[in-house]
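Undergrad: Below, each chain spelled out in residue letters.
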Amino acid sequence: MTRHSLQIDKNGRLRHFLCISGLNRQLITEILDTAESFAGVTQQSVKKVPLLRGKTIVNLFFEASTRTRTTFELAAKRLSADVLNINITQSSTVKGETLLDTLRNLEAMHVDMFVVRHADSGAAHFIAANAAPHISVINAGDGWHSHPTQAMLDMFTIRRVKGADFGALRVAIVGDILHSRVARSQIHALNLLNTGEVRIVAPQSLIPAHAESLGAQVHHDLQTGIKDVDVIIMLRLQRERMQGAFLPSAHEYFELFGLTEEKLMHASPDVTVMHPGPINRGVEMDSEVADGPRSVILEQVTHGIAVRMAVMSMAMSRKEGDTG
Amino acid sequence: MNDLGNISEIIAGMAAQLGEQLARVGISHPAMVGIHTGGVWIAKHLHRQLNIEEPLGSLDISFYRDDFTRIGMNPVVQPSQLPFSIDERHIILVDDVLHTGRTIRAALNELFDYGRPASIMLATLIERGGRELPIQANVVGRHVELSPGEHIKLSGPDPLALEIQKTA
Numbered sequence: 001m002t003r004h005s006l007q008i009d010k011n012g013r014l015r016h017f018l019c020i021s022g023l024n025r026q027l028i029t030e031i032l033d034t035a036e037s038f039a040g041v042t043q044q045s046v047k048k049v050p051l052l053r054g055k056t057i058v059n060l061f062f063e064a065s066t067r068t069r070t071t072f073e074l075a076a077k078r079l080s081a082d083v084l085n086i087n088i089t090q091s092s093t094v095k096g097e098t099l100l101d102t103l104r105n106l107e108a109m110h111v112d113m114f115v116v117r118h119a120d121s122g123a124a125h126f127i128a129a130n131a132a133p134h135i136s137v138i139n140a141g142d143g144w145h146s147h148p149t150q151a152m153l154d155m156f157t158i159r160r161v162k163g164a165d166f167g168a169l170r171v172a173i174v175g176d177i178l179h180s181r182v183a184r185s186q187i188h189a190l191n192l193l194n195t196g197e198v199r200i201v202a203p204q205s206l207i208p209a210h211a212e213s214l215g216a217q218v219h220h221d222l223q224t225g226i227k228d229v230d231v232i233i234m235l236r237l238q239r240e241r242m243q244g245a246f247l248p249s250a251h252e253y254f255e256l257f258g259l260t261e262e263k264l265m266h267a268s269p270d271v272t273v274m275h276p277g278p279i280n281r282g283v284e285m286d287s288e289v290a291d292g293p294r295s296v297i298l299e300q301v302t303h304g305i306a307v308r309m310a311v312m313s314m315a316m317s318r319k320e321g322d323t324g
Numbered sequence: 325m326n327d328l329g330n331i332s333e334i335i336a337g338m339a340a341q342l343g344e345q346l347a348r349v350g351i352s353h354p355a356m357v358g359i360h361t362g363g364v365w366i367a368k369h370l371h372r373q374l375n376i377e378e379p380l381g382s383l384d385i386s387f388y389r390d391d392f393t394r395i396g397m398n399p400v401v402q403p404s405q406l407p408f409s410i411d412e413r414h415i416i417l418v419d420d421v422l423h424t425g426r427t428i429r430a431a432l433n434e435l436f437d438y439g440r441p442a443s444i445m446l447a448t449l450i451e452r453g454g455r456e457l458p459i460q461a462n463v464v465g466r467h468v469e470l471s472p473g474e475h476i477k478l479s480g481p482d483p484l485a486l487e488i489q490k491t492a
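Protein chains in written order, with my numbering: chain G, 1 to 324; chain X, 325 to 492.
Bear in mind the hints are in silico, worked out from the structure with no lab data behind them. Hints may contain errors.
A few chain G residues that face chain X, going by a derived Cβ cut-off under 7 Å, partial list only [claimed, not checked]: (1) 42; (2) 54; (3) 56; (4) 193; (5) 247; (6) 249; (7) 296.
Okay, the calculated bits of chain X under chain G, using three or more residues with CB under 8 Å as the criterion [unchecked claim]: (8) 378 to 390; (9) 470 to 478.
Here are some chain X residues the structure puts well away from chain G; computed CB gaps all over 12 Å [what the hints assert, rightly or not]: (10) 340; (11) 353; (12) 401; (13) 402; (14) 403; (15) 404; (16) 406; (17) 410; (18) 414; (19) 430; (20) 435; (21) 466.
Fair warning: this is a prediction, and the values are worked out from it, not measured in the lab. Note that the Cβ used here is the ideal one computed from N, Cα and C, for glycine as well.
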């Protein structure tokens, strides 16, 4: 079984949700449509549906996260599941047996789903490959590899703001592409949705080798990179990267790649600005942009709940007894 | 095409029955909610014929089904839309076919997640045997006797047509 086929069952349905690559356009459109239905649940006075009543979902976080964990927790609770939050902060060298032991112990408590965040690429796949057959695994971010629910909530946000015709859109992803699991997942998702133009914009040191093979145009200059684009997705600059050889200083980065109202003039007049959060104000973008009318950063957070409800319920809606 | 009679006439009969029942219990400002998909089609006609002021509401009960883990999720779930407050409101719930009662059970649960209605009446175009829950309609368009292998299906919305299908 290959890594990618792990997440789709023999009927073409979602079994785990591990990465965007390996999915098809129909399936990601189904996720977006299902999320659209769940978005309405927040209008009810009881903000809950009983879909996953009696199921137990474990948020297994080996890496700190507030927003992602909280929205996964809320999504699970709005589906009426019981939620267990387990934060295991440990060095990334401890894996293998220890991780399996953790897994076996949780399985012995009869849980139904793991939501996994881990600093090592492939951790969610490892857990999915080794978990009991009835358990579904959702990847909440693994190393530099993938953060598929973030990419889906970004696609959901773009579709809500710009409409479903991705072919008519130019999208620029700006920032630390090299270390970004978010960017990788976004590029895959945008290409699956046949986005007109996908650009990545970053200094040479923050672009992965063979970046074009991901299916994106590479730009090293912000102004040409965002020229006439409809959507700009800014990435978070990890502060620890600034101490290494990747960047001279946060100040210089902001001068060259930070988004300001002035630089936004190069983009399409109705450009939408996104950021997965948390923002480093004055590093990736000016507060004026982050809080301005083009920003949909807080909508992204709201949409994260509906998208995670969709992915969780789809992965759990396999026929009982059907483990393939 | 069917021997069940003209659907427009059935709906007109339902509207008359509903009008009488509402008058008898003294409900003057009801709200109406159709269940996706066929129930909404029927409700549109009843809503107009009864001159209900509040806009028509619609429910998709997919998230409230009890067979979710057995048959999986309906890929196209229409968002439920209740463009009025449910609280203290007299609700007329409309569906196309009343069979096991499980759809109505799910719809009642969903309605109560939007608020506390004053009362709920059920109107259904077709009623058939086979109830698995203690649920009855207040207003029935036609009662149909079908064998367990038979299904009755409403197609529409324009024109509305009923068809009896046999499952192999």
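Undergrad: Hint by hint, say whether it matches the structure.
TA: Hint check results:
no. : hint       : result
1   : 42         : violated (11 Å)
2   : 54         : violated (9 Å)
3   : 56         : violated (14 Å)
4   : 193        : violated (17 Å)
5   : 247        : violated (45 Å)
6   : 249        : violated (48 Å)
7   : 296        : violated (20 Å)
8   : 378 to 390 : holds (count 4)
9   : 470 to 478 : violated (count 0)
10  : 340        : holds (33 Å)
11  : 353        : holds (21 Å)
12  : 401        : violated (4 Å)
13  : 402        : violated (7 Å)
14  : 403        : violated (4 Å)
15  : 404        : violated (6 Å)
16  : 406        : violated (8 Å)
17  : 410        : violated (8 Å)
18  : 414        : holds (18 Å)
19  : 430        : violated (9 Å)
20  : 435        : violated (10 Å)
21  : 466        : holds (32 Å)
The structure fails to meet hints 1, 2, 3, 4, 5, 6, 7, 9, 12, 13, 14, 15, 16, 17, 19 and 20 from the earlier list, while all remaining hints are met.
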